[in-house]
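Chemist: Going down the list, the sequences are from chains A and B. Anchor point for the first sequence: position 193 equals 193 in my numbering, and the numbering is continuous, going up by one each time. Anchor point for the second sequence: position 52 equals 52 in my numbering, and the numbering is continuous, going up by one each time.
Derived by calculation from the structure, the hints in this document are not laboratory data. On a predicted model such as this, the values are computed, not experimentally measured, just so you know. Possibly wrong hints are sitting among the right ones.
[As the list claims (entries may be wrong)] Result set (BS3-like, lysine-lysine): computed pairs, CA atoms no more than 30 Å apart in a straight line:
hint	chain 1	residue 1	chain 2	residue 2
1	A	120	B	164
2	A	62	B	189
3	A	62	A	120
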Amino acid sequence: MSEQHVARADGLVKEFRLGGGRTLRAVDGVSFEVRRGETLGLVGESGSGKTTVARMLIRLEKPTAGRIDFEGRDITALRGSALRTAVRRRMAMVFQNPSTSLNPYQRVGDVLAEPLRVHKAGDAAERRRRVLEMMEQVGLDPAFAGRYPQELSGGQRQRVGIARALMLDPSLIVADEPTASLDVSVQAQVVNLLQDLQRRRGLAYLFITHDLALVRHLSHRIAVMYLGRLVEIGPAAELFADPAHPYTAVLASMQRDTEHRILPTGDIPSPVDRPAGCGFSSRCPLATARCVEQAPPLVPVSDGRRVACHFPGELRLGGEPGHRAVPAPPPLALPVTGLPTLKKGG
Amino acid sequence: MTTATAPVAKSRHVERSRSRSAEILGRVWGDTSGRIAVPMLGALVLIALFAPWIVPHDPTHQNLAAAGQAPFWLGGEGGHLLGTDTLGRDVFSRLLYGLRLSLVVGVVTATGAALFGLVLGLVAGYFENGVGMVLMRLADIQFAIPFVAVGVALAAVVGPGIVKLMIILAVWGWANYARTIVNSVSQVKRMDFVTAAHTVGARTPAILFRHIAPNVLGPVVILWSTSAGVMILVESALSLLGLGVQPPDFSLGSMLSDSRTTLRLTWWATVFPGLAIMLVVVAFNLLGDAIRDALNPSARTRSDPELW
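In isolation and in its complexed conformation, chain A is listed as follows (with noise of 0.2 Å):
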């Protein structure tokens, strides 16, 4: 196996049990992989399965069926001790709200020094060395580690679970949402810092967020997510400029005029009786009847493109590439979930 890519998830299913015999199926065969020092972004609404792709590869959780590869050994049934040595120590994940990833208990200094004491590396004045210096690597004052997290701002939290993070050098991080809940001024240098840091690091991201512009600025490669499936994945500065899946269409379309907007009609579908065919076919301004009855494979399109759709690339943009000075607020959530509704309403 080369050792280009630094984890792999290969036909990922993630089931729920509910109540009364059903059964949730949050994640349906998602496959992709992160390659050495890059950033990937997984872009998607709510519910689409993003955090649980996450959760599942950093192995929160365990798949209900596939496998996952990190740094060329199979991780997806691992437990104990060889999980600890072979995940913990190598893949970190920093979360969306640094509010409440910090344990208000614990001192910053302590919060950085657990995943070393944990591993069990050095002393505990090598541990204390280490995380000072980590400290400063991230932009915070090494007087805050007998601080708690409460006194510190929102963007010096995420500094720390950031920090945390890279404690143990890492190859990989996981990224969920990181800064959703940070003012925008402060996004951008959390954002900076993380582009830094794999710059001087050769770190990979996972990178998961609904912050389309965010996302394109970020991101090396980017997957959207729909419904629990991979629907598009391919270089990012491409897949925005020509998106070949209208799901992926409609999500550009947001960053050009509001003309040129794409709006979605008709509802969700639900993940726990979920439509035989593209998950996408109730919304599609291209559905047809083949697409309601068969779901389409994800196939490659061009040189490292994959998409699945019966009929790639034939929802175009219009109007012309628009650039934003500032990351966007969430677009997705009123243009595609809200507008519908408001139409019916009126």
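Fit chain B to the known structure of chain A by using the hints.
Modeler: Just chain B now, with coordinates in the frame of chain A:
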């Protein structure tokens, strides 16, 4: 270079953990209720400790000729500060001695029950669908059984005695603590910082005691401080049934039970031990409030950055 700095850093580490508990004590003292509770409890403990040198009379000496004398400031004869009981024993002297046993019973049983209940509550909340279910059903069953019945039965098996009673009280007390924290534990275990601890590879004991326990400790401290008073009273009730302290030993509680039948004649022999119990209970409650606030980092303005 590294070998030279290591011992220095190590000693700093030790110093740090010492000053951290000093920091908490300092905050207890800085708290209004703490500043009342600490001298109050301190005085009570000192009085109990030095009782043999303070008491004016032998607390077990009976003098039927001097039975039922009122306190001297109510016109009683014999110059007894708090009068004498129906057997002519000096109430003040007995009160000081009774305080010793009561304080020990209150603190030891409440602390034992709190530790036991905290551990079982953490386990029950963390493994909420397995062991937790069993534990909480056990707690339900235990709540349905009156303690006195169990106490009588156990005393019949193991025999009466204050140490045995304290062990039984401490073990029986777990359910209250466990039930109080079990829901908080299962909430806290779903919080991001616990997930974060999982992602760095922390083991279950570390997650339970380092991450979850501090976040559910507040109610445990409050329960501990109130139950210290309750334990003193329970001990007196059981001593009345002959299950706890055996004469000639006595506690504040057994003084209450001994004298309650002659309340109309010698009310001072009941009222003053009662007041003493009240003082102890109030002092514990105030201390509990102060400790809870001191443990909570969000209640403080700013910590000492030198402490890490």
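Chemist: Compare the structure with each hint and give your call.
Modeler: Right, here's what the structure says about each hint:
A distance of roughly 43 Å separates the Cα atoms of residue 120 of chain A and residue 164 of chain B; the hinted pair therefore is violated under the 30 Å criterion. Between residue 62 of chain A and residue 189 of chain B the alpha-carbon distance is near 18 Å, which keeps this suggested pair within the 30 Å criterion. Between residue 62 of chain A and residue 120 of chain A, the direct Cα distance comes to roughly 26 Å. Compliance with the 30 Å bound is thereby established for this hinted pair.
This entry does not satisfy hint 1, going by the numbered hints stated previously; all others are met.
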